[in-house]
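Visitor: Protein chains in written order, with this note's numbering: chain A, 320 to 536; chain B, 62 to 641.
Simulated from the structure, these hints should not be mistaken for lab results.
Misleading hints may appear alongside valid ones.
[Claimed, not checked] What the simulated footprint calls covered on chain B by chain A, stretch by stretch (three residues with Cβ under 8 angstroms from a Cβ of chain A suffice, anywhere in the stretch; the number is not a length):
#1 538-545
#2 550-562
[Unchecked claim] For the chain B half of the interface with chain A, some residues (derived, Cβ under 10 angstroms), not all of them:
#3 Tyr534
#4 Arg631
#5 His634
#6 Arg636
#7 Gly637
[As the list claims (entries may be wrong)] Quick look at which bits of chain A chain B covers, simulated, 3 or more residues with Cβ under 8 angstroms:
#8 368-374
#9 388-401
#10 449-458
#11 463-473
Glycine included, C-beta positions come from ideal geometry on N, C-alpha and C.
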Amino acid sequence: MQLRGVTLQLGGRLLMGPLDVTVRAGEVVTLMGESGAGKSSLLAYLCGTLPLAFTASGEVRVGDDEISTWPPQLRRLGILFQDDLLFPHLSVGQNLVFALPPQIRSRAERQARIEKALAEADLPGFADRDPATLSGGQRARVSVMRVLLSEPRALLLDEPFSKLDVSTRRRFREFVFTHLRQARLPALMVSHDPEDAAAAGGPVIQLGRIHAEENRK
Amino acid sequence: MATAVRHPQVSLLVRRSRPAQALNWIPFLTFAVLIGPVAAGLVGTLLPAFGYLPALGGTTLNWGPWRELAELPGIWTSARLSLVTGLATTAGSLGIVVAFCAGWQGTRWFRRAERLLAPLLSLPHVAVAFGIAFLVMPSGWILRMLSPWATGFHRPPDWLTVQDPEGISLIFGLIVKEVPFLLLMTVAAMGQADAQRSRTVALTLGYGPMTAWLKAVLPRVYPQIRLPVLAVLAYGVSVVDVAMVLGPTTPAPLAVRLVRLFNDPELSLRFVASAGACLQTLLVVAGIAIWCVGEKGLRHWGICWIVAGRRNRRDTAARVAAALMLALSSVAVVLAMLGMALWAFASSWRFPEVWPGELTLANWEQHRGGLGPVLVNTITVAAGATLAAVILAIGVLEQEARSGRRAWIVSGGGLYLPLVLPQVAFLFGAQILLMVAGLGANWPALTWMHLVFVFPYVFLSLSDPYRAWDERYQQTAGCLGATSLRTFFRIKLPMLLRPILTSAAIGFAVSVGLYLPTLLVGGGRYPTLTTEAVTLSSGGDPRLIGLYALLQMALPFLAFAVAALIIARRFRHRRGMQTS
Numbered sequence: 320m321q322l323r324g325v326t327l328q329l330g331g332r333l334l335m336g337p338l339d340v341t342v343r344a345g346e347v348v349t350l351m352g353e354s355g356a357g358k359s360s361l362l363a364y365l366c367g368t369l370p371l372a373f374t375a376s377g378e379v380r381v382g383d384d385e386i387s388t389w390p391p392q393l394r395r396l397g398i399l400f401q402d403d404l405l406f407p408h409l410s411v412g413q414n415l416v417f418a419l420p421p422q423i424r425s426r427a428e429r430q431a432r433i434e435k436a437l438a439e440a441d442l443p444g445f446a447d448r449d450p451a452t453l454s455g456g457q458r459a460r461v462s463v464m465r466v467l468l469s470e471p472r473a474l475l476l477d478e479p480f481s482k483l484d485v486s487t488r489r490r491f492r493e494f495v496f497t498h499l500r501q502a503r504l505p506a507l508m509v510s511h512d513p514e515d516a517a518a519a520g521g522p523v524i525q526l527g528r529i530h531a532e533e534n535r536k
Numbered sequence: 062m063a064t065a066v067r068h069p070q071v072s073l074l075v076r077r078s079r080p081a082q083a084l085n086w087i088p089f090l091t092f093a094v095l096i097g098p099v100a101a102g103l104v105g106t107l108l109p110a111f112g113y114l115p116a117l118g119g120t121t122l123n124w125g126p127w128r129e130l131a132e133l134p135g136i137w138t139s140a141r142l143s144l145v146t147g148l149a150t151t152a153g154s155l156g157i158v159v160a161f162c163a164g165w166q167g168t169r170w171f172r173r174a175e176r177l178l179a180p181l182l183s184l185p186h187v188a189v190a191f192g193i194a195f196l197v198m199p200s201g202w203i204l205r206m207l208s209p210w211a212t213g214f215h216r217p218p219d220w221l222t223v224q225d226p227e228g229i230s231l232i233f234g235l236i237v238k239e240v241p242f243l244l245l246m247t248v249a250a251m252g253q254a255d256a257q258r259s260r261t262v263a264l265t266l267g268y269g270p271m272t273a274w275l276k277a278v279l280p281r282v283y284p285q286i287r288l289p290v291l292a293v294l295a296y297g298v299s300v301v302d303v304a305m306v307l308g309p310t311t312p313a314p315l316a317v318r319l320v321r322l323f324n325d326p327e328l329s330l331r332f333v334a335s336a337g338a339c340l341q342t343l344l345v346v347a348g349i350a351i352w353c354v355g356e357k358g359l360r361h362w363g364i365c366w367i368v369a370g371r372r373n374r375r376d377t378a379a380r381v382a383a384a385l386m387l388a389l390s391s392v393a394v395v396l397a398m399l400g401m402a403l404w405a406f407a408s409s410w411r412f413p414e415v416w417p418g419e420l421t422l423a424n425w426e427q428h429r430g431g432l433g434p435v436l437v438n439t440i441t442v443a444a445g446a447t448l449a450a451v452i453l454a455i456g457v458l459e460q461e462a463r464s465g466r467r468a469w470i471v472s473g474g475g476l477y478l479p480l481v482l483p484q485v486a487f488l489f490g491a492q493i494l495l496m497v498a499g500l501g502a503n504w505p506a507l508t509w510m511h512l513v514f515v516f517p518y519v520f521l522s523l524s525d526p527y528r529a530w531d532e533r534y535q536q537t538a539g540c541l542g543a544t545s546l547r548t549f550f551r552i553k554l555p556m557l558l559r560p561i562l563t564s565a566a567i568g569f570a571v572s573v574g575l576y577l578p579t580l581l582v583g584g585g586r587y588p589t590l591t592t593e594a595v596t597l598s599s600g601g602d603p604r605l606i607g608l609y610a611l612l613q614m615a616l617p618f619l620a621f622a623v624a625a626l627i628i629a630r631r632f633r634h635r636r637g638m639q640t641s
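The whole structure should be built from the sequences, with the hints applied where relevant.
Guide: Pasting the structure below:
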C-alpha cells in the first residue's frame, strides 16, 4: 500500500501532509501524533468515508490500483477501532458472516470458514453467542477475525489497543500482529502509545506536530 | 483512465452521484408535505376572512366579516377567556414543574416521578378532560368520597364546578395534562445543561437545594425548554376539544365558538368564522408577546436575586409544597383514568356511592356495532400517518447524516409551525379548499393532515438517538465490503429499531388524540374515537363516555406495548440491544 502526496484539510486549513508512506506486505507502519492531528480522519479518507467537512487529496495505491476515488465497499481496506464495534443485534457468527465475500456461495463453505476463524481466535463454538456476553478480549478477537474474513488487501488500525487493560492488551497485540504477518497484509496503524509502535516492529512516522502547532497559532 | 478499464464497475459507481447527494430531495419533499397544507390552509382562511370566497358568493375583499365578528355577543369575553386560559395553564404547569425539579432533582423520588409521569404523556387530552370532569363535578368522585359523612349531601349539590364561567376547571384540566409534558422536556434539557454538577457546586457554596437549582440550573435549562413552553401557551390559548368538555359555555372560549360557527349549516357563517380564526392567531401572538414581557421582567429580577447571594438554607417547607403540588396533579390524572375505566364497566353508579355496584360488559355489548367502524377509522388513519411520518423522519435524518449538515427544514424551526399556530387558523382554510376543489372528505386528505401533526413528535423523539448512532459502524461495515444501502438496512435500521418503534408509538398516540383535524378535514365522514367521544359528551351518558375514553387511553398504551413486545422478541438473545 502506498500513499503519495496525501493532504488533509479542514475548512481550508491544512491539517496534515503532504504525506508519502509505503507499507510493504506483512509490515506495520505506525503513525504517531497528538490528538487533533487528523489521524482518524486520514484513515477515514483511506476508507472512503471522510466526513464532508473535510477535504483531502493525494494518491492511494493498493497493488496496482489507485483507489482514492472508489466507493468504500470496493476498496477492500479493513479497519479496526479501539472499540470492537461488533454489531450488537447480530450473533457472533452473524457478525462474521456479514464480512464474508459474497463470492463464497455455498452455505457449508461459509459455515466452515466461520468455524475455522473462531477456532483460530480460540473461541470454538461461539457462533451462536450474543456478542454482549463476551469479555472485552474475546470481543476484540472476534472483531479481528471479522475483518480478516472480509479478505482485505490492507489493514488500517485506529488505536486498536488503547481501551484494553494492560494484560489483555499485550496478548491481543501479539494476536493481531501474528495474524497480520501470516496473512502478509500491509497495515497502517495510528497510535500515541510508543509501546504499540515498538511491538509493531515496523517503521514509525512522527506526524503532525509541526502542523498541530501551526494550527494552534 | 487505466483503472476504469480494469474496473468498469468502479467508474460507473463513482459517476453515479455520491449517496450524500442522492438523498438531497428528501428535505424538500418533507417541507412540501408538511408546510404545503398549512400554507394553503392559511390562505384558505385569510381570503374568506376578508369576504372573498366565490363558492359562497363572496367576490370582493372587504371588512364585512370582521364587523360581524365584532358584533357577536360576548366575543371579547371569549377572547379574554382564551388568553387567560393559555397564560394561566402555562404559568401553572411550568411553576409546578420548576418547583418540583428545584426541590427534588437528583433524589430517588425524582426518578420515580419521572417514571410514573412518562406514560401519562401519551394519554389523549380529551380522555383526560372527561376524567377530570368526572372528578370535580358536583356528582363526581371527590364529592362522592366526602359524602355523606363529611358534607351531608345525599344528592349532588347544585354547584358549577365544571364549565364554570371563569374557566377554572378548564385551566385545572389543562395544567394536569401539561405537567408530565413539561417535566419530561425539562429532564431532557437538564441532561444537556450539566445540571447535576452545577447544582452540587451551588450546594457546596452553602445554598439551599431549591435555591441552588433555581440560581444555578434554571437559567441554563429554561432557554432549552422555551419552545415547548410556548407550544403549551399556544395550545392553551386555542384549545378546542378540552374546552368543549371542561370550558365555560356562556360564552365559550373563542376557538370553541369559531368551530361551532364554522360547522353551522348556514354556510355564510364561514366568513365570520374565518375572520375569527385570524383573531385567534392574533390572540396567540398576543399571548406569546405577554409571556415574553413576563420573561424579561423575571429575568431582570432573577439576576438581581442571584447576585444578592441569599442562601435560603432552610427550604424544607417549600420542597414539600412542591412535591405535594406535583403529587396532586398526577393523582388527579390517575384518578381521572381510573374513573373512566370504572364507568366503562358500570351498570349503575348512583351518588354518593364511591364504587359502582356491579361491573358488567353490558355497555360494550350494547355499543359493539357502533364501535367497529370508529375503531377502524382511528387505527387506519393513525397507522397511515405514523408510517409516513417515520419514513419521512428517517429520510431527513439519513440525509443529514450523509451530508453532515442539518437540513434547513430542521434548523429553520418550520417543523414546529403546526404545533404553534392555532389549529383553526389553517384547518378552516384546508376544509374550505377541499370543498372548493370538490374533493370533500377523503381518507388520504385526512391522513395527510394527521401527518402534519404527527411528524414533529416523531421527529423530535427519533432525532437524538438517530444522531447518536456511532458512525464508525458505518465505516466498519463499508470496509467489510457492504454497500451503503446494505449497511443501512442490515446494520443501521436494526440497531435503531428501538427508537424507531418508540417514535412510531408516540406518533400513533398523537394521531389517536387529534380532534379538530379529524372533525374538519374528515367532515364528519370519518368519526374516530376522539371525535365520537366529544360528540357524545353533550348526550351525557357517563357509561358511554367512559367506554370511549377508556378505548382512547388504551390505544396508545397498546401501541407502546406492541413496540416493546417486538423489541423484546426480536432481541431476546441480544443483551447489547436491551437498553439504549
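Visitor: Each hint needs a verdict: does it hold in this structure or not?
Guide: Against the structure, the hints:
no.	hint	result
1	538-545	holds (count 8)
2	550-562	holds (count 5)
3	Tyr534	6 angstroms, holds
4	Arg631	8 angstroms, holds
5	His634	5 angstroms, holds
6	Arg636	4 angstroms, holds
7	Gly637	3 angstroms, holds
8	368-374	holds (count 4)
9	388-401	holds (count 12)
10	449-458	holds (count 4)
11	463-473	holds (count 4)
Hint check: no violations occur; every hint is consistent with the structure.
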